[in-house]
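2 protein chains.
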Amino acid sequence: MLRLGPIAAAARRLPAGPRPGPLCLAGSRGSFARSWPPAGDRGPLFRQVRAAAAGGERVRVLKTPKGTRDHPPAQTALRDRLLSAVVSCFKRHGAAAIDTPVLELRETLMGKYGEDTKLIYELQDQGGELLALRYDLTVPFARYLAMNKVTNMKRYHVAKVYRRDNPATTRGRYREFYQCDFDIAGQFDPMIPDAECLKIVHEILSDLQLGDFIIKVNDRRILNGVFAVCGVPESKFIPACSTVDKLDKVPWEEVRSEMVGEKGLSPEAADRIGEYVQLHGGLDLVEHLLQDPKLSQNKLAKEGLGDMKLLFEYLTLFGITEKISFDLSLARGLDYYTGVIFEAVLLHQENEHVEEAVSVGSVAGGGRYDGLVGMFDPKGRKVPCVGVSIGIERIFSILEQRLEAEMLYKKDPKLLKQLQYCEDTGIPLAAIVGEQELADGVVKLRDVATREQVDIPREKLIDEIRRRLEP
Amino acid sequence: MLRLGPIAAAARRLPAGPRPGPLCLAGSRGSFARSWPPAGDRGPLFRQVRAAAAGGERVRVLKTPKGTRDHPPAQTALRDRLLSAVVSCFKRHGAAAIDTPVLELRETLMGKYGEDTKLIYELQDQGGELLALRYDLTVPFARYLAMNKVTNMKRYHVAKVYRRDNPATTRGRYREFYQCDFDIAGQFDPMIPDAECLKIVHEILSDLQLGDFIIKVNDRRILNGVFAVCGVPESKFIPACSTVDKLDKVPWEEVRSEMVGEKGLSPEAADRIGEYVQLHGGLDLVEHLLQDPKLSQNKLAKEGLGDMKLLFEYLTLFGITEKISFDLSLARGLDYYTGVIFEAVLLHQENEHVEEAVSVGSVAGGGRYDGLVGMFDPKGRKVPCVGVSIGIERIFSILEQRLEAEMLYKKDPKLLKQLQYCEDTGIPLAAIVGEQELADGVVKLRDVATREQVDIPREKLIDEIRRRLEP
Numbered sequence: 079m080l081r082l083g084p085i086a087a088a089a090r091r092l093p094a095g096p097r098p099g100p101l102c103l104a105g106s107r108g109s110f111a112r113s114w115p116p117a118g119d120r121g122p123l124f125r126q127v128r129a130a131a132a133g134g135e136r137v138r139v140l141k142t143p144k145g146t147r148d149h150p151p152a153q154t155a156l157r158d159r160l161l162s163a164v165v166s167c168f169k170r171h172g173a174a175a176i177d178t179p180v181l182e183l184r185e186t187l188m189g190k191y192g193e194d195t196k197l198i199y200e201l202q203d204q205g206g207e208l209l210a211l212r213y214d215l216t217v218p219f220a221r222y223l224a225m226n227k228v229t230n231m232k233r234y235h236v237a238k239v240y241r242r243d244n245p246a247t248t249r250g251r252y253r254e255f256y257q258c259d260f261d262i263a264g265q266f267d268p269m270i271p272d273a274e275c276l277k278i279v280h281e282i283l284s285d286l287q288l289g290d291f292i293i294k295v296n297d298r299r300i301l302n303g304v305f306a307v308c309g310v311p312e313s314k315f316i317p318a319c320s321t322v323d324k325l326d327k328v329p330w331e332e333v334r335s336e337m338v339g340e341k342g343l344s345p346e347a348a349d350r351i352g353e354y355v356q357l358h359g360g361l362d363l364v365e366h367l368l369q370d371p372k373l374s375q376n377k378l379a380k381e382g383l384g385d386m387k388l389l390f391e392y393l394t395l396f397g398i399t400e401k402i403s404f405d406l407s408l409a410r411g412l413d414y415y416t417g418v419i420f421e422a423v424l425l426h427q428e429n430e431h432v433e434e435a436v437s438v439g440s441v442a443g444g445g446r447y448d449g450l451v452g453m454f455d456p457k458g459r460k461v462p463c464v465g466v467s468i469g470i471e472r473i474f475s476i477l478e479q480r481l482e483a484e485m486l487y488k489k490d491p492k493l494l495k496q497l498q499y500c501e502d503t504g505i506p507l508a509a510i511v512g513e514q515e516l517a518d519g520v521v522k523l524r525d526v527a528t529r530e531q532v533d534i535p536r537e538k539l540i541d542e543i544r545r546r547l548e549p
Numbered sequence: 079m080l081r082l083g084p085i086a087a088a089a090r091r092l093p094a095g096p097r098p099g100p101l102c103l104a105g106s107r108g109s110f111a112r113s114w115p116p117a118g119d120r121g122p123l124f125r126q127v128r129a130a131a132a133g134g135e136r137v138r139v140l141k142t143p144k145g146t147r148d149h150p151p152a153q154t155a156l157r158d159r160l161l162s163a164v165v166s167c168f169k170r171h172g173a174a175a176i177d178t179p180v181l182e183l184r185e186t187l188m189g190k191y192g193e194d195t196k197l198i199y200e201l202q203d204q205g206g207e208l209l210a211l212r213y214d215l216t217v218p219f220a221r222y223l224a225m226n227k228v229t230n231m232k233r234y235h236v237a238k239v240y241r242r243d244n245p246a247t248t249r250g251r252y253r254e255f256y257q258c259d260f261d262i263a264g265q266f267d268p269m270i271p272d273a274e275c276l277k278i279v280h281e282i283l284s285d286l287q288l289g290d291f292i293i294k295v296n297d298r299r300i301l302n303g304v305f306a307v308c309g310v311p312e313s314k315f316i317p318a319c320s321t322v323d324k325l326d327k328v329p330w331e332e333v334r335s336e337m338v339g340e341k342g343l344s345p346e347a348a349d350r351i352g353e354y355v356q357l358h359g360g361l362d363l364v365e366h367l368l369q370d371p372k373l374s375q376n377k378l379a380k381e382g383l384g385d386m387k388l389l390f391e392y393l394t395l396f397g398i399t400e401k402i403s404f405d406l407s408l409a410r411g412l413d414y415y416t417g418v419i420f421e422a423v424l425l426h427q428e429n430e431h432v433e434e435a436v437s438v439g440s441v442a443g444g445g446r447y448d449g450l451v452g453m454f455d456p457k458g459r460k461v462p463c464v465g466v467s468i469g470i471e472r473i474f475s476i477l478e479q480r481l482e483a484e485m486l487y488k489k490d491p492k493l494l495k496q497l498q499y500c501e502d503t504g505i506p507l508a509a510i511v512g513e514q515e516l517a518d519g520v521v522k523l524r525d526v527a528t529r530e531q532v533d534i535p536r537e538k539l540i541d542e543i544r545r546r547l548e549p
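First to last, the protein sequences are chains A and B. Per the numbering used here, residue 79 is the first one in the first sequence, and the count goes up by one each step. Per the numbering used here, residue 79 is the first one in the second sequence, and the count goes up by one each step.
If you're looking for bench data, these hints aren't it; they were derived computationally from the structure. Treat each hint with caution, since some may be false.
Heads up, the list lumps identical chains together, so a pair's fine if it works in one copy or across two of them.
The calculated lysine to any residue pairs, modelled on SDA-like cross-linking and capped at a C-alpha distance of 20 Å, are [said to hold, decoys possible]: (1) K387 x I398; (2) K169 x D158; (3) K238 x D148; (4) K238 x D214; (5) K141 x K457; (6) K144 x E207; (7) K232 x D214.
With the rest of the complex left out, here is chain A (with noise of 0.2 Å):
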């Protein structure tokens, strides 16, 4: 199991009510004697200064740019923490950590992001060569592959990318924010790797204990099929394909509209496409697409479709089918994907406990991208990849309320209810503290799961703690 480390560890394992927690390590140091600056002139830099605080250069906006933020010590302690718990397992899966630059020379992005190329932050030309931020982490992977002649690699990499997207803060959408990818370079065996990416997304959400989650699996492959047996022209397929991703978030009606309103489908085209991407299932729809009249007859289709069959043999061997939806509404925003995708959403969002349910999107995204190296690659030559990033700053707003609310639990002082919350959340332990319990100088320790307790002395209650804690 992967481990969060004290911090997050004593939010899971002590009792709800006030403590310690994380948000306390922001403490303040009163402690020292406060007679420094002595007063009086400070020369003529303090003047200037002095000068500058009190009008011309006074700074007038006091604020970080729009979508990004500061992280205060206890929220930097709790992402270092989530942070390392994810490094371990991709280290655990034998993965070596790369570095590259914030900063990338403008056409390494350009054309490796479809629509998103927009977001793209560019640096003024100072001149020199032009510059801009880097959007993700794979892009950069493909030319550091390229560049350094690499044909076989399995590297993590945890850093930060930006993009000039509408931001979203409390659901955890930023204009600066970490990622964390894992990505496998190299031919191996087919779907041996894609298989060990989700196997990696399906530890991470189970350990992490989130909540119960999906993993959405699809190929694009498999949409390509599907396009061009309900008669799409070949030129309308990354279209159409953007069109099938919003899938999600709106009903097919409003799909089907763009689909021949904006993009330019006949209708009996769209009527075709939506009786295909509302299907979702697991291996049985594998299998019956596989039968399936028309596209079985399609070239890419069924090459999709047999990869994925394999794909969910390597997923059955590794016991993680029952969170794996073949889903064929899926489809993924960006250029680069040539066959296996997928995208993992968290399924119960909202939090009865929390008084603003943290609504989050998907918390975690990769798939297959066989051609990108070749087009850093100075002679074509292609390196297969397959990858995926972890959404880190959804999970961390996650853990962060969900920290928040034990908090400040105690907004609701009924003690039933407290003890419901222990039972509904995990917490072994509850410590009631009554006026009983302050005039006998004990605590009152309630063993959640057993619902038996037992009053212990103040003085042993650590180390009682301690002892009903240990492995």
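Guided by the hints, dock chain B onto chain A, whose structure is given.
Quick look at chain B alone, frame taken from chain A:
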């Protein structure tokens, strides 16, 4: 003692010669079968990518931006270990980590760096706010303090900063580089936080075993006092200051001619300045200057010298004055310093065992900046601060080159020179394998310090090395 973890420890503790070292972490994973992807047409997306790779969209320039670099796995691992050694020192001194965005509003950064403002990377105006990349971690820290009304904080921050400087990558000077900052904000008894910053520099440089070093200290108030008593008009203090700062690179004659020529100081003023700024020493020099008939009459200089005396008292208590040099030529370029300034330099930068000597400049620097937070506070409220930045990239260059030297040492096969190298650098054991040892199935293990050597059967070698290296 700071510990660099397994990799660097191995480099320091294992005998020289060919062996699995840090660079082997990047080793290939060639053991998988290679039949993916299957040959054949992969569909329209694939054909698109192939077309792109074959012609128009191919990336023409395959490089990272000027002055930036990728870190392959071995370097990333070494750097992570180095950073965690520095961070553990910061934590030991009670600092908490924060994180701030790489992007700041342009106006946040403007007017803080003097002449160096031209080195700030600005983002293109793509609509919305005008942004820039952070130039250091100090100004964002001051912005953070003012924005969150924090008046009291001990924080560290390890992150990348950006400067459109002339890169000198062999000396570890890049346009994108890590800074490791430790700062103390708040009003405390004079010189205690300042002394702690120097103690931290001393701890880190000692424990990383980079070779002999010296920490130069000065005070902006003393420098300004010197300028005043030498007859420099107040308007020319800052230009004079930045000229004096060059004394560590060029002789006094050149500095003098720049003062008189470019900066328009009178020859007499320049000569008088020269008498002061070429002085360096310890507490004795402080005492001497406190008696200086002119300087002791200057309020600013007297204040600075009084504090410098107090600082030396604390440094004596810390037992580190041996490495401290009160050096009146130290000026430091940045505008925002208001009091004590300091800079650590390595003394023996050339390594006779390395073919290309690593020439590094300062490896740490910092000072007091009592006016910076007030420039951000809407009411101009001041929060006095002092901090230090560890020049991790330069230290990294040294460690990297040293490791490389140990890896590549076989370039010069003379045994005696190899053993001398072991003695010089504190490598405790040398394993010697000649023709006789090969024939006998043994390895000659030499204790470098005592020069005793014994034959060890190969199968017992690892156990024997482990036994001898046990603490």
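Indices of hints not satisfied (ascending): When the structure is compared with the hints, none of them turns out to be violated.
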